[in-house]
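A.B. asks: Chains as they are written, first to last, in the working numbering: chain C, 1 to 230; chain F, 1 to 334.
Just to be clear, a hint being listed does not mean it is correct.
Said to hold, decoys possible - Here are some of the chain F residues that sit facing chain C, going by a computed Cβ distance under 10 Å:
| # | residue |
| --- | --- |
| 1 | Q58 |
| 2 | I178 |
| 3 | T181 |
| 4 | R208 |
To be verified - Lysine to any residue pairs mimicking SDA-like chemistry, simulated, CA-CA at most 25 Å apart:
| # | chain 1 | residue 1 | chain 2 | residue 2 |
| --- | --- | --- | --- | --- |
| 5 | C | K2 | F | V144 |
| 6 | C | K19 | F | V20 |
| 7 | C | K19 | F | L24 |
| 8 | C | K2 | F | L143 |
| 9 | C | K31 | F | V144 |
| 10 | C | K2 | C | L84 |
| 11 | C | K19 | F | F23 |
| 12 | C | K2 | F | E201 |
| 13 | C | K31 | F | L143 |
| 14 | F | K199 | C | K31 |
| 15 | C | K2 | F | G303 |
Unchecked claim - Footprint (simulated), chain C over chain F, 3 or more residues, beta carbon under 8 Å:
| # | segment |
| --- | --- |
| 16 | 109-115 |
| 17 | 159-173 |
| 18 | 210-222 |
None of these hints come from the bench; they were simulated from the model. Built from N, CA and C at the ideal position, the CB exists for glycine as well.
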Amino acid sequence: MKRETQNVLLMLVGGAVVKIAFDGSFVRYVKPSMHPYLLVSGVFMIVLAVAAMVRDIQRGGPEDHEEHGHSSRPYWMLLIPAALILFVAPPALGVSSVSERVVTAGPLERTAFPPLPGGASPEVPMLDVVQRAARDNTGSLKDREITVTGFVVENSDGSVDLARILIVCCAADARSIRIHLDTGSNAWAEGDWLRVRGTVGQSSPETGNVPTMSVTGVEQIPAPENTYAY
Amino acid sequence: MMLETERPERSRVSINSMHVFAFLLVSAIVFREQIVGAVGAIPELQAGATIFLGVFVQATPFLVLGVLVSGGIAAFVSPAMLKRLLPNNEKAAVGVSGLAGMALPGCECGAVPVSRRLMDQGVPTSAALAFLLSAPAINPVVLVSTAVAFPGEPRMVLARFLGSLATALIMGWLWARIGKTEWITARVSARHQDTGRSKWEVFSEAARHDLMQAGAFLVFGAGLAAVLHIIVPDWVLEHLAGQMLLAIGVMAILAVVLALCSEADAFVAASMSMLPLLPRLVFLVVGPAVDVKLMAMQAGSFGRGFVLRFAPVTFVVAVVCASILGYVVLGGAR
């Protein structure tokens with residue numbers, strides 16, 4: 001690959017990284033906390049590319065002398081992430097891609113959790129609910145109506161789960177967490193986003209620590225900007 | 001080389017990389033709808049693309065940090081300085097650079113260009129390799145995230161630290177004994193004639209080169225990891241609970257094929273709570289030392305012949321170190 005092409009390609013990759021950092025779509029792939037680092041690294045790539053271009057222009061032409069150590073052919077690979085970001089922009093993982101990766105756990109030690117937020121049916125993050133159902137020894141969920149947000153997953157037996165995709169670091173470590181909904185009917189399509197009110201019972205290792213929610217109210221909502229839970 | 005670049009190009013039509021690049025870019029713009037449709041039609045392909053970008057985007061800042069350091073070494077750290085810093089005795093140098101890995105707060109993607117640059121600046125290969133193995137595994141960020149992921153098990157942090165450090169040192173000493181320089185086939189990038197070049201120029205050229213080089217192979221590795229993610233079924237884990245040796249073997253292989261970032265792998269290991277601690281420790285020690293993404297990047301920086309020898313040995317050493325130290329530190333096979 002010629003040096004001029006390398007510089008344009010590097011600029012393209014840097015630009016792609018800056019683009020997803022700017023328009024916020026980077027949260028499909030990594031955690032929100034990566035934002036400043038992505039911006040800085042994208043800008044750094046562009047600066048390196050521009051510096052090399054300016055140097056070549058001042059010199060009146062590129063020097064290709066430095067590449068005789070090894071082939072520069074693998075550099076073409078960098079076109080793949082740049083093109084994927086700029087032209088395809090794959091969406092955040094849905095449940096179909098991680099359905100097998102349910103966070104399940106064996107018997108767990110129970111510990112005391114802090115009390116739930118006050119008010120009538122407070123919104124509680126799903127991960128918190130699942131952890132309390134499995135490990136809380138203060139019974140904070142008992143007979144308490146809460147609100148949980150997630151999307152609909154249909155099980156093969158026709159029953160319905162509310163799920164979130166949980167990522168630790170990036171999309172490569174995605175798993176799903178679920179709460180089973182005890183509603184008889186399923187009026188929703190798979191992937192619909194719901195805000196569900198109800199009470200959640202304790203879970204047990206036999207059911208893969210998936211708790212069951214007795215539903216008292218359901219509201220369908222548009223999919224949030226950032227679909228993952230952390 | 002000069003002959004090639006000075007070949008008169010105006011006299012005949014020749015296709016160069018810029019034409020190919022422009023052609024690819026224009027076709028991508030023209031056929032964008034079709035490309036998006038084709039990827040979207042296959043859910044596995046779409047999920048694979050997202051996972052691939054997850055690995056790539058996650059690694060980018062660490063890669064940039066790595067090339068900042070490697071460019072800095074090229075511009076500001078002379079071979080003579082490194083010689084003064086490191087002990088003359090090669091075995092002692094391995095120890096020092098293995099411990100120095102604690103100072104680079106990044107994951108494995110950044111360590112490859114840095115250790116390559118250290119070799120170019122005259123650091124013994126064995127010491128640079130010890131750094132390559134220890135830096136992603138024992139830096140403070142990784143140790144803290146391990147402590148956070150295993151709240152009730154502080155000994156997991158100690159076991160990981162000792163297991164990874166032992167792996168790095170043993171591999172360094174092994175290389176000092178039996179390693180051969182000619183195994184590193186990818187030739188040293190031509191040392192630039194530093195005369196007449198400003199520090200900024202040396203720095204930015206070295207950083208640019210390392211970024212292209214390591215980034216290209218990161219793409220290979222991230223792609224491979226995405227494919228394996230889709231292929232490897234998770235139920236394998238559920239059948240391992242009672243079988244310690246099998247679990248150790250499978251977790252070691254999983255560490256290689258999943259190629260998780262060393263700053264995240266502790267959380268993944270923590271979530272596999274149906275498994276005993278020892279196999280999960282093996283997962284944490286093997287992952288930063290050998291995985292498919294790292295092997296691809298090493299093949300780019302050091303050559304294929306190097307990886308074919310280095311990776312399998314590192315794998316065995318890491319599994320053994322983690323098992324023994326885990327057994328001792330964690331208090332038995334549990």
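A.B. asks: Now tell me if each hint is right for this structure.
C.D. replies: Right, here's what the structure says about each hint:
no.: 1; hint: Q58; verdict: 4 Å, holds
no.: 2; hint: I178; verdict: 25 Å, violated
no.: 3; hint: T181; verdict: 15 Å, violated
no.: 4; hint: R208; verdict: 4 Å, holds
no.: 5; hint: C/K2 with F/V144; verdict: 43 Å, violated
no.: 6; hint: C/K19 with F/V20; verdict: 24 Å, holds
no.: 7; hint: C/K19 with F/L24; verdict: 20 Å, holds
no.: 8; hint: C/K2 with F/L143; verdict: 42 Å, violated
no.: 9; hint: C/K31 with F/V144; verdict: 18 Å, holds
no.: 10; hint: C/K2 with C/L84; verdict: 23 Å, holds
no.: 11; hint: C/K19 with F/F23; verdict: 22 Å, holds
no.: 12; hint: C/K2 with F/E201; verdict: 19 Å, holds
no.: 13; hint: C/K31 with F/L143; verdict: 19 Å, holds
no.: 14; hint: F/K199 with C/K31; verdict: 35 Å, violated
no.: 15; hint: C/K2 with F/G303; verdict: 22 Å, holds
no.: 16; hint: 109-115; verdict: violated (count 0)
no.: 17; hint: 159-173; verdict: violated (count 0)
no.: 18; hint: 210-222; verdict: holds (count 9)
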